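> One point on numbering: in this note's numbering, the residue at position 2 of the sequence shown is 21, and numbering is uninterrupted.
Just so you know, these hints were derived from the structure itself, not from any lab.
Take the hints with a grain of salt, since some may be wrong.
[Unchecked claim] Simulated DEER-style distance windows between Cβ atoms: (1) Ser83 to Ile50: 47 to 55 Å; (2) Leu40 to Leu65: 52 to 60 Å; (3) Leu43 to Ser67: 46 to 54 Å; (4) Ser86 to His64: 35 to 43 Å.
These numbers come from a predicted model, not from an experiment.
Where a beta carbon is used, it is the ideal one built from N, C-alpha and C, also for glycine.
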Amino acid sequence: MLVTSSQTSTQRPLGLSVEELFALDRQYCRIEQQQHLAQLQAQSHLTSSNLNRLASRSLDLISSLPSS
Numbered sequence: 020m021l022v023t024s025s026q027t028s029t030q031r032p033l034g035l036s037v038e039e040l041f042a043l044d045r046q047y048c049r050i051e052q053q054q055h056l057a058q059l060q061a062q063s064h065l066t067s068s069n070l071n072r073l074a075s076r077s078l079d080l081i082s083s084l085p086s087s
């Protein structure tokens, strides 16, 4: 069914009930939260990887310094 701007306000959008619209909204929110969590996890992994690399380079630098 095509939704057009000429529909009257008494018609339900896409033929869905209010409960179905709320369920879709909740599902959409869950998907957004999952995507955000996945982004945070990827950033966390990248940060951890960068910190490990920095620590390794620092140890290499310290061990290469002449001892006094």
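> Take the hints in turn and mark each one as holding or not.
Tested hints:
{"no.": "1", "hint": "Ser83 to Ile50: 47 to 55 Å", "in the structure": "50 Å, holds"}
{"no.": "2", "hint": "Leu40 to Leu65: 52 to 60 Å", "in the structure": "38 Å, violated"}
{"no.": "3", "hint": "Leu43 to Ser67: 46 to 54 Å", "in the structure": "36 Å, violated"}
{"no.": "4", "hint": "Ser86 to His64: 35 to 43 Å", "in the structure": "36 Å, holds"}
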